[in-house]
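> Sequence:
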Amino acid sequence: MNEGKKKALNLLKTTKGQVEGIIKMIEDDRYCVDISKQILSIIGLLKKANLSILDQHIKSCVKDAILEGHGDEKIEEIINVIDKYVK
Numbered sequence: 001m002n003e004g005k006k007k008a009l010n011l012l013k014t015t016k017g018q019v020e021g022i023i024k025m026i027e028d029d030r031y032c033v034d035i036s037k038q039i040l041s042i043i044g045l046l047k048k049a050n051l052s053i054l055d056q057h058i059k060s061c062v063k064d065a066i067l068e069g070h071g072d073e074k075i076e077e078i079i080n081v082i083d084k085y086v087k
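Each residue of the sequence shown is one higher than the last, beginning at 1 in my numbering.
Since the hints were made in silico from the structure, they are not lab data. Misleading hints may appear alongside valid ones.
[Said to hold, decoys possible] In silico DSSO-like pairs for lysine-lysine, Cα to Cα no more than 27 Å straight-line: (1) Lys-74 - Lys-63; (2) Lys-84 - Lys-47; (3) Lys-63 - Lys-6; (4) Lys-74 - Lys-37; (5) Lys-63 - Lys-87; (6) Lys-13 - Lys-37; (7) Lys-59 - Lys-74; (8) Lys-24 - Lys-74; (9) Lys-47 - Lys-63; (10) Lys-47 - Lys-59; (11) Lys-5 - Lys-74; (12) Lys-48 - Lys-37; (13) Lys-87 - Lys-16; (14) Lys-84 - Lys-37; (15) Lys-84 - Lys-16.
[Claimed, not checked] Pair ranges (Cβ atoms, derived): (16) Asn-2 - Gly-69: 20 to 26 Å; (17) Asp-29 - Val-81: 19 to 25 Å; (18) Asp-34 - Leu-67: 45 to 51 Å.
Since this is a predicted model, take the numbers as computed values, not measurements. Ideal placement from N, C-alpha and C gives every residue a C-beta, glycine not left out.
Go ahead and model the full structure; you've got the sequences and the hints to work with.
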């Protein structure tokens with residue numbers, strides 16, 4: 001497993017723990033704003049995990065495809081992901 005995937009995995013494991021904590025907060029009828037803040041924190045972690053995966057993909061798969069002379073498809077994939085990311 002490469003560094004980008006390891007970083008993403010650790011972020012996702014952290015996120016998993018936070019989701020479990022939020023579920024408990026809701027079950028315990030905790031303050032809504034506190035729950036919302038925790039949800040926003042998870043969204044941030046998911047974005048970081050996604051960027052780590054994309055960074056690794058660009059540095060490996062896309063780079064290799066370009067060097068092999070068929071990078072257009074990989075570049076289009078990344079553009080589609082970025083388009084979804086910014087919406």
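> It remains to establish, for every hint, whether it holds in the given structure.
Comparing the hints with the structure gives:
1. Lys-74 - Lys-63: holds (9 Å)
2. Lys-84 - Lys-47: holds (12 Å)
3. Lys-63 - Lys-6: holds (20 Å)
4. Lys-74 - Lys-37: violated (36 Å)
5. Lys-63 - Lys-87: holds (26 Å)
6. Lys-13 - Lys-37: holds (19 Å)
7. Lys-59 - Lys-74: Judged against 27 Å, a Cα distance of about 12 Å means the pair holds.
8. Lys-24 - Lys-74: Since the Cα atoms of Lys-24 and Lys-74 sit roughly 41 Å apart, the hinted pair is violated (cutoff 27 Å).
9. Lys-47 - Lys-63: Cα-Cα ~22 Å, so holds.
10. Lys-47 - Lys-59: It holds: about 18 Å lies between the C-alpha atoms, which stays within 27 Å.
11. Lys-5 - Lys-74: OK: Lys-5 and Lys-74 at ~18 Å, within 27 Å.
12. Lys-48 - Lys-37: The hint holds at about 17 Å.
13. Lys-87 - Lys-16: holds (24 Å)
14. Lys-84 - Lys-37: Distance ~24 Å between Lys-84 and Lys-37 Cα, so the pair holds.
15. Lys-84 - Lys-16: holds (23 Å)
16. Asn-2 - Gly-69: 20 to 26 Å: holds (24 Å)
17. Asp-29 - Val-81: 19 to 25 Å: Given range 19 to 25 Å: violated, Cβ gap about 38 Å.
18. Asp-34 - Leu-67: 45 to 51 Å: Because 49 Å falls inside the window, the suggested range holds.
In summary, the structure is inconsistent with hints 4, 8, 17 from the numbered list given earlier, while agreeing with the others.
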